[in-house]
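Chains as they are written, first to last, in my numbering: chain A, 1 to 151; chain B, 1 to 151.
Each hint should be verified, as a subset may be incorrect.
Claimed, not checked - Only part of the chain A face toward chain B is listed, based on derived beta-carbon distances under 7 Å:
#, residue
1, Ser9
2, Thr13
3, Glu15
4, Val16
5, Arg86
6, Asp93
7, Arg132
8, Phe142
To be clear, the hints were calculated from the coordinates, so they are not data collected in a lab. As the structure is a prediction and not an experimental result, all values here were calculated from the model. For every residue, glycine included, the Cβ atom is placed at its ideal position computed from N, Cα and C.
There are 2 protein chains.
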Amino acid sequence: MTDKSSFSSRGSTGEVEEGLAFAPKFDADGLITAVATDAKTGDVLMVAHMNAEALRNTIGSGEAWYYSRSRKALWKKGEMSGHTQRVVELRVDCDQDAIWLKVAQAGPGACHTGRRSCFYRAVLPSKGGVVRLEFRDGNKMFDPKAVYRNS
Amino acid sequence: MTDKSSFSSRGSTGEVEEGLAFAPKFDADGLITAVATDAKTGDVLMVAHMNAEALRNTIGSGEAWYYSRSRKALWKKGEMSGHTQRVVELRVDCDQDAIWLKVAQAGPGACHTGRRSCFYRAVLPSKGGVVRLEFRDGNKMFDPKAVYRNS
């Protein structure tokens, strides 16, 4: 799907920060950072990227679309797994170079590893020495091999 | 300050995703995306970047440090405004290329425009046509000119 919604050109800093024109700033690769949080719990589910088409599709459909840098492809979240994300609210930050999606996550989880969130490990405090991780909410909610069996 | 904490080298996908070695992936500019949420409300306060030194300092000090791409400088959040961020929990995502900080935000807000969060505008649904924004939680909690008067 391709939505025809259009974005505004970027004006002055004041216009970008205080105005109501949507003028997203894409980076040199044509991407903008997108953070999806669970609309109920506030947990960060994933950090991903959108190109202009993914952003237009998200705005037009009310479901999350992203751009995969590794696969170099537009991607509707959940198109394979069924774990789609319905957009409850979409926000943009002050300089309009990041998008926040509050979503209703369908299915047991957002992460391709089988967890609810991609952020299932805590970075432990350290003052010198090798930094270590610890699992938090690390239980697998689904079997990735079964869900992504055609990938 | 420079913390001596060290990171692990990146292993296989399985090691990066399922292991407990912290092997953050910095991009071509030496940066990793960092999302700070309010530990109490779950609201996204800001999306920023860290270089290795900012990440080490954050882990070592328990307070958020970032790297400013515009100023090309290491930056302790709140060093000028006093609006520091105490790290309640630090997490890393599956492929270890994004950091989530749950923080206790000191002072009235995180955003340089004077708001609590940098995400004070919603992107309105649209099917075709020019996309518009709407203020949400857009009240200024402090006067940026007074807080950043030396900048």
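For each hint, the structure was consulted:
Taking 7 Å as the C-beta cut-off, the interface hint given for A/Ser9 is violated, the closest approach to chain B being about 11 Å. With a least beta-carbon distance of about 10 Å to chain B, the hint placing A/Thr13 at the interface is violated under the 7 Å criterion. Taken as an interface hint, A/Glu15 does not check out: its beta carbon lies about 11 Å from the nearest beta carbon of chain B, beyond 7 Å. Annotation: interface hint on A/Val16 violated; nearest CB of chain B at approximately 11 Å, more than 7 Å.
The closest approach between the C-beta of A/Arg86 and any C-beta of chain B is roughly 12 Å, which is over the 7 Å cut-off, so the hint fails. Look at A/Asp93: its Cβ gets to within about 4 Å of chain B, closer than 7 Å, so that hint holds up. Contact between A/Arg132 and chain B, as hinted, is supported at the beta carbon level, the nearest pair being about 6 Å apart and thus within 7 Å. The interface hint given for A/Phe142 is violated, since its Cβ lies 14 Å from the closest Cβ of chain B, which is over the 7 Å cut-off.
When the structure is compared with the earlier hints, violations turn up for hints 1, 2, 3, 4, 5 and 8 and for no others.
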